[in-house]
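Trainee: Given chain A's structure and the hints, the job is docking chain B onto it.
2 protein chains.
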Amino acid sequence: MSAQNKSSRIDEWILQKIYRAAGQPSVRLELRNSAEVSPKDPPVVANIVIRDRKTLFRLLLDPEVEFGDAYCEGRISLEGDLISALEILYPSLPQAEHQSWYARLVSKCMEYVQRNSLRGSRRNIQRHYDLNTDFYQLWLDPQLIYTCAYYPSPGATLEQAQAAKLDYVCRKVQLQPGERVVDAGCGWGALALHMAKNYGVTVRAFNVSREQILFARERAKELELSQRVEFIEDDYRNISGECDAFVSVGMLEHVGREHYRELGSIIHRSLAKTGRGLLHFIGRNHPRPFSTWTRKRIFPGAYAPALGEVMQVFEPWDLSVLDVENLRPHYAKTLEQWLARFEKSEQQISEMFNQEFMRTWRLYLAGAVAGFRAGTLQLFQIVFARTACQRIPWTRAHLYKNDQHEEQETKWMYARS
Amino acid sequence: MSAQNKSSRIDEWILQKIYRAAGQPSVRLELRNSAEVSPKDPPVVANIVIRDRKTLFRLLLDPEVEFGDAYCEGRISLEGDLISALEILYPSLPQAEHQSWYARLVSKCMEYVQRNSLRGSRRNIQRHYDLNTDFYQLWLDPQLIYTCAYYPSPGATLEQAQAAKLDYVCRKVQLQPGERVVDAGCGWGALALHMAKNYGVTVRAFNVSREQILFARERAKELELSQRVEFIEDDYRNISGECDAFVSVGMLEHVGREHYRELGSIIHRSLAKTGRGLLHFIGRNHPRPFSTWTRKRIFPGAYAPALGEVMQVFEPWDLSVLDVENLRPHYAKTLEQWLARFEKSEQQISEMFNQEFMRTWRLYLAGAVAGFRAGTLQLFQIVFARTACQRIPWTRAHLYKNDQHEEQETKWMYARS
Numbered sequence: 001m002s003a004q005n006k007s008s009r010i011d012e013w014i015l016q017k018i019y020r021a022a023g024q025p026s027v028r029l030e031l032r033n034s035a036e037v038s039p040k041d042p043p044v045v046a047n048i049v050i051r052d053r054k055t056l057f058r059l060l061l062d063p064e065v066e067f068g069d070a071y072c073e074g075r076i077s078l079e080g081d082l083i084s085a086l087e088i089l090y091p092s093l094p095q096a097e098h099q100s101w102y103a104r105l106v107s108k109c110m111e112y113v114q115r116n117s118l119r120g121s122r123r124n125i126q127r128h129y130d131l132n133t134d135f136y137q138l139w140l141d142p143q144l145i146y147t148c149a150y151y152p153s154p155g156a157t158l159e160q161a162q163a164a165k166l167d168y169v170c171r172k173v174q175l176q177p178g179e180r181v182v183d184a185g186c187g188w189g190a191l192a193l194h195m196a197k198n199y200g201v202t203v204r205a206f207n208v209s210r211e212q213i214l215f216a217r218e219r220a221k222e223l224e225l226s227q228r229v230e231f232i233e234d235d236y237r238n239i240s241g242e243c244d245a246f247v248s249v250g251m252l253e254h255v256g257r258e259h260y261r262e263l264g265s266i267i268h269r270s271l272a273k274t275g276r277g278l279l280h281f282i283g284r285n286h287p288r289p290f291s292t293w294t295r296k297r298i299f300p301g302a303y304a305p306a307l308g309e310v311m312q313v314f315e316p317w318d319l320s321v322l323d324v325e326n327l328r329p330h331y332a333k334t335l336e337q338w339l340a341r342f343e344k345s346e347q348q349i350s351e352m353f354n355q356e357f358m359r360t361w362r363l364y365l366a367g368a369v370a371g372f373r374a375g376t377l378q379l380f381q382i383v384f385a386r387t388a389c390q391r392i393p394w395t396r397a398h399l400y401k402n403d404q405h406e407e408q409e410t411k412w413m414y415a416r417s
Numbered sequence: 418m419s420a421q422n423k424s425s426r427i428d429e430w431i432l433q434k435i436y437r438a439a440g441q442p443s444v445r446l447e448l449r450n451s452a453e454v455s456p457k458d459p460p461v462v463a464n465i466v467i468r469d470r471k472t473l474f475r476l477l478l479d480p481e482v483e484f485g486d487a488y489c490e491g492r493i494s495l496e497g498d499l500i501s502a503l504e505i506l507y508p509s510l511p512q513a514e515h516q517s518w519y520a521r522l523v524s525k526c527m528e529y530v531q532r533n534s535l536r537g538s539r540r541n542i543q544r545h546y547d548l549n550t551d552f553y554q555l556w557l558d559p560q561l562i563y564t565c566a567y568y569p570s571p572g573a574t575l576e577q578a579q580a581a582k583l584d585y586v587c588r589k590v591q592l593q594p595g596e597r598v599v600d601a602g603c604g605w606g607a608l609a610l611h612m613a614k615n616y617g618v619t620v621r622a623f624n625v626s627r628e629q630i631l632f633a634r635e636r637a638k639e640l641e642l643s644q645r646v647e648f649i650e651d652d653y654r655n656i657s658g659e660c661d662a663f664v665s666v667g668m669l670e671h672v673g674r675e676h677y678r679e680l681g682s683i684i685h686r687s688l689a690k691t692g693r694g695l696l697h698f699i700g701r702n703h704p705r706p707f708s709t710w711t712r713k714r715i716f717p718g719a720y721a722p723a724l725g726e727v728m729q730v731f732e733p734w735d736l737s738v739l740d741v742e743n744l745r746p747h748y749a750k751t752l753e754q755w756l757a758r759f760e761k762s763e764q765q766i767s768e769m770f771n772q773e774f775m776r777t778w779r780l781y782l783a784g785a786v787a788g789f790r791a792g793t794l795q796l797f798q799i800v801f802a803r804t805a806c807q808r809i810p811w812t813r814a815h816l817y818k819n820d821q822h823e824e825q826e827t828k829w830m831y832a833r834s
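Line order of the protein sequences matches chains A and B. Here the working numbering is used: the first residue of the first sequence is 1, the next is one more, and so on. Here the working numbering is used: the first residue of the second sequence is 418, the next is one more, and so on.
Chain A extracted, bound-state conformation (with noise of 0.2 Å):
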């Protein structure tokens, strides 16, 4: 036997045994110019050539982290539909018991270093959003902004469902003219401005990242808000005072699971008698540590917590929690909208960045659509108030009046339109 013809069925042997890990998935798997697994059935949804055997050997160690990774840096190409080979891939990941040492010790590893202290926190966000608001304003709607939209009906536009998402979130928490609301990570503003201009209340938003602070203040000045919204470039931690509404929308992902307790003692801090809030984040079925690759190329010392978890927020202290919305669905369809948006952007944004930056954000988006369309990953929306609270709406049919909510028929999930 040549030794050429040994080492390819080391390759193929190696080949074989990381199909049958990601559970024998419907994709084509090569090792260029050596080995290759096809599934027994059609449909076959794309195919993955892997480039040197050094990416299949680092493949077996962490796949998770390494098939990112050499995606990103073009050792692993693919053809087909991006999405749906991740929607396909992404579930078959071990779980995170299931992880060799290797794995869980970068993971491990990982979590210390981009630990959520205040200085760490501050590090943290800023690599991800002090990254380049040009860039950002590429692929966002025009008010940037970089949550999950709310689509009354799925075939509204990203602008729309942007818009209808700050109202959404202005109504559960009734808000009043004249309370005072704190909005605690602010993105670039948006729903501050929009709280302040249809809602007649007082806004603090408070954020680490200059960049957005920077943009946001000038956003209030254009709109003649300035005295009525105060963007602060401060840490949650550090928000003092009373309000009467306190609001957090895609923060939560990035407090940590050591700091839910810490971040209920400032709502518990500011809170008024009777006041009423919402958290909206990234969450999970299973507690579970955020993927790796993820982590370490895109959102470091992020989390997404099991709802169990974020009861910690609530359940020492004087809170009452009064809605819980999973919008998963309407996060993949904000996630698509974001992606298709890129990707037309594609000769803008290559004059920014390099290639490994387009294949890692590519990667990092479509990643994203494919875990909520799985169920891999939820949207949460929970709205809370204080025991005492009374101004509580009789049900929540005051959510579904007079707006764009269609009125035909039920729409379902993944009624992709």
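Please note that a few of the clues may not be correct.
[Claimed, not checked] Once the Cα atoms are required to be at most 27 Å apart in a straight line, the calculated BS3-like pairs of lysine-lysine come out as:
1) K434(B) x K614(B)
2) K690(B) x K40(A)
3) K434(B) x K423(B)
4) K614(B) x K638(B)
5) K17(A) x K6(A)
6) K273(A) x K713(B)
7) K434(B) x K525(B)
8) K197(A) x K54(A)
9) K818(B) x K401(A)
Note that these hints are calculated values from the structure, not bench results.
Mentor: Quick look at chain B alone, frame taken from chain A:
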């Protein structure tokens, strides 16, 4: 100083101690013919008279159980509005961690004696629900629904609100004709019959209360639904076979917190790959044992969980929480209406039972109204589904279409009509 004078002083000292421990509530407290303590400022919501010194001493040791027992046995009397007095008194009862050693010991022992083993559950359930169906017919609605109603508007009658609740549950789990439903803890069968009659599904309904099962079977015959609804006298732990929807309204309170994972395993075992389900139960803002007095006199083995605890039902399995609604004001209203009917039927009830029974049940119902008003109790409905379930409505708007929800203006909690 005369002996009488001296003992009077001791009485007053104890009375003061009890009064301060209760947070100096707006009630007048009196030990008959000996001592009294009054709030410094009006209003005085109630006048509580303790008949003898033994009761006074026992109040020191375990205020919750002794107040209840003494009220029922006529050793404590209360002038004024019972609900309002309890609304003031209950939140001031010491939390589990601050109870006396004696009260904690009683609570723990009771937990053991009333544990929800297969046999224990049957005994616990039968003690309450097998009491006498004629009795329940005097004050529940005609369908004998013994769980929180849903008032589309605060002006709805109890009958309307119970019918609306049944429909609300069916809409939340999106029943389709031909589907197979499990109803775990079916009471007198109203929900199971409603589903089969109005949604074209087949139902297997489980209950360990013989009286309730016999009654439900009779109703199924009358309604000619025996072919479509099977009432099974058995424990939820013995549910077998597959279903498309798993519904349980008012059973979780009797499951016991040590069995949540087990209940989850039953749901996981039963639910089809695309199945949905709903749990409806009395809950809490914080983990805390159920009132010892209520477990002693009314609901042996009961436990009302905080949401974080309930997540043990879902998180070990392939299940997604889709929607959580807190219907606390609806249960306050339901209980008010039950209590009013109970009082109206006083004559007939006192022909069935003695005065102590009347007082026990009055205290239980009024105490529950107070608990839901004050927020020491919550009522949660949780909708869940298999992660792979695609039959999930795009929004929740369909729950609020073409029905009796008031179109005018938002009604607030405690719009006590």
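Trainee: Now tell me if each hint is right for this structure.
Mentor: Hints and how they fare:
1. K434(B) x K614(B): Given pair K434(B), K614(B) is violated - Cα atoms ~58 Å apart, limit 27 Å.
2. K690(B) x K40(A): Distance ~24 Å between K690(B) and K40(A) Cα, so the pair holds.
3. K434(B) x K423(B): Answer holds: K434(B) to K423(B) is near 17 Å, not above 27 Å.
4. K614(B) x K638(B): Given pair K614(B), K638(B) holds - Cα atoms ~12 Å apart, limit 27 Å.
5. K17(A) x K6(A): 17 Å, holds
6. K273(A) x K713(B): Since the Cα atoms of K273(A) and K713(B) sit roughly 34 Å apart, the hinted pair is violated (cutoff 27 Å).
7. K434(B) x K525(B): Answer holds: K434(B) to K525(B) is near 25 Å, not above 27 Å.
8. K197(A) x K54(A): 56 Å, violated
9. K818(B) x K401(A): Holds. K818(B) to K401(A) sits at ~9 Å (cutoff 27 Å).
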